[in-house]
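Peer 1: So the chains spell out like this:
Number of protein chains: 2
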Amino acid sequence: MAFRVLILGCGSAIPTSRRHPSAQIVSVDEKYYLIDCGEGTQSRLRENKIKFQRIEQIFISHLHGDHYLGLIGLLQTMHLLGRTKPITVFAPGGLKKIIDTHFEISGHHINYPLTIETVDTEKHLKIFEDTKIEVYSLPLDHRVPCSGYLIKEKQKLPHLNIEKIKALNIPVAYFNSIKNGKDYQMPDGTIIKNEELTLPAEKSKSYAYCSDTAYYEPLIEQIKNTDTLYHEATFTDELSDRALQTKHSTAKQAATIAFKSNVKQLILGHFSNRYAQLTNHLAEAKEIFENPLLAEEGKWFDV
Amino acid sequence: MAFRVLILGCGSAIPTSRRHPSAQIVSVDEKYYLIDCGEGTQSRLRENKIKFQRIEQIFISHLHGDHYLGLIGLLQTMHLLGRTKPITVFAPGGLKKIIDTHFEISGHHINYPLTIETVDTEKHLKIFEDTKIEVYSLPLDHRVPCSGYLIKEKQKLPHLNIEKIKALNIPVAYFNSIKNGKDYQMPDGTIIKNEELTLPAEKSKSYAYCSDTAYYEPLIEQIKNTDTLYHEATFTDELSDRALQTKHSTAKQAATIAFKSNVKQLILGHFSNRYAQLTNHLAEAKEIFENPLLAEEGKWFDV
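If you read the sequences in order, they're chains A and B. Taking my numbering as reference, the numbering of the first sequence is continuous, increasing by one, and the terminal residue is 303. Taking my numbering as reference, the numbering of the second sequence is continuous, increasing by one, and the terminal residue is 303.
With the rest of the complex left out, here is chain A (with noise of 0.2 angstroms):
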């Protein structure tokens, strides 16, 4: 089951020619999530060739300008092109205000439900879960009220051991039940264990989305053994001050919040527009953190 991130917007607030506001698609076995929609995501979504249909949810980490100014029109054009699935976007409180008024103001409607759900920034909780995904906020610590998101993979089934069910001439009809963890009756009565019938499911993967925050020792709980952290990494340490004041982490934070969380991999993104080359960001987290990896736009990151 392919678990991939990816990234469509990196940058921060201004946009440039080199990177887009925050985006990114979450795709868990063909099944996709929107994270974050800055200005513009639209547009990347069809250079990426994403279907916007086949977005199943949407989460805003926050409501500035550059994590959320792309979802009106998105919505809208979901519309446009005939949308009537559901659709469900999770936010910090206020996005509800905003997308009324839009919709109040500019006489537009769509056609399929739309249901804005406020996410609570101080708490650690699931939010959201269907067949393939559970997700839960992460409250981070920036100047308005943020949220990261960690998506887990749900427990997977275990595969059939082929093999031994071949030999003991089980028939297609009780694969499911043996999937499922249930034993088997043999015609003359015998029970075979589960175990002996199955082989281990693959490991749940787990994603944990966080930007935009200050260096923020909480979440290294919350995020533990996660197997890939995207981390905003917005200046690097000469500017530290700079990210105190303005709420932001530099790359050698993201990569002390990624090695204490025992991560197995670190994505950097959500860089300042003042930097052309990333090749500090990544020098600064290489001390604290083996081989972390840079956002890159257009690029598919395996979790």
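Hints are supplied without guarantee of correctness; some may be wrong.
The list makes no distinction among identical chains, and a pair is therefore deemed to hold if it is satisfied within one copy or across any two copies.
As the list claims (entries may be wrong) - In silico BS3-like pairs for lysine-lysine, Cα to Cα no more than 30 angstroms straight-line:
1) Lys299 / Lys49
2) Lys85 / Lys247
3) Lys247 / Lys156
4) Lys96 / Lys247
5) Lys123 / Lys205
6) Lys193 / Lys31
7) Lys247 / Lys97
8) Lys51 / Lys286
9) Lys179 / Lys299
10) Lys264 / Lys193
11) Lys156 / Lys166
No wet-lab data here; the hints were simulated from the structure.
Fit chain B to the given chain A structure using the hints.
Peer 2: Showing chain B alone in chain A's frame:
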């Protein structure tokens, strides 16, 4: 004096890889005015190397998303880039509420004076003037209150008749007053009439932006003899029912308005995303108006 229009977006509501939502720069003697500001206008400005801070005023036709969703991002970027010069945004009622809601919830502020002026979309009035231009509202017929804009260069000063002035040995100190219409008194008391000392000024030009609108005859009188008309042509004639229903125009209707108002040049724009090719738009308009032009993103048109 150069009076030109740069098309930044000439698509309709659904942005595609071919066309972006509405926005254009009107440049009068190197002063920039922005008309409409669809999502992504910031990026279009950068692609076309237009310095954000040189934009003097912004005119929004109506509050459908494809005409204003890039505005908040642009206003914020202007702030982040250090703007101190005031700006006024002219728009139909409602924009102030949209902008105030965003700033209240996002906690953003901007350091330069921002004024939102409400345009009465029922009246043809002078709404703005500076040293170069006068701007008039143009009531349009759309599904929500909507105003086109007529931009007229101010009457220009005549040229000095240098030959005559040299022959009469008139000192430089009098040049300004002569340009401004004064006669000249010779040392012997003879009065030389201003007409003898000047040559006619270049004709002041005018540009009308009419998008979005159904076919709307009251426009004709208001834009009579305009040099260049940008008129929306969302559809071609075979979709005239759809045009009527959505209060848009066909290419044929745009050309009819251009013909009846005796404009010198017609630019068709605001094309529905269903048209990959625009040859039918052009052919249809040509039957009524000689030599119509198709809007093209990234292209400057002389008014």
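Peer 1: Against each hint, give a clear statement of whether it holds in the structure.
Peer 2: For each hint, the structure was consulted:
no. : hint            : in the structure
1   : Lys299 / Lys49  : both (12 angstroms within a copy, 27 angstroms between copies)
2   : Lys85 / Lys247  : between (37 angstroms within a copy, 28 angstroms between copies)
3   : Lys247 / Lys156 : neither (38 angstroms within a copy, 53 angstroms between copies)
4   : Lys96 / Lys247  : both (25 angstroms within a copy, 29 angstroms between copies)
5   : Lys123 / Lys205 : within (22 angstroms within a copy, 61 angstroms between copies)
6   : Lys193 / Lys31  : neither (34 angstroms within a copy, 82 angstroms between copies)
7   : Lys247 / Lys97  : both (25 angstroms within a copy, 28 angstroms between copies)
8   : Lys51 / Lys286  : neither (36 angstroms within a copy, 37 angstroms between copies)
9   : Lys179 / Lys299 : neither (35 angstroms within a copy, 62 angstroms between copies)
10  : Lys264 / Lys193 : neither (35 angstroms within a copy, 88 angstroms between copies)
11  : Lys156 / Lys166 : within (23 angstroms within a copy, 94 angstroms between copies)
Hints 3, 6, 8, 9 and 10 from the list above are not met by this structure, while the remaining hints are.
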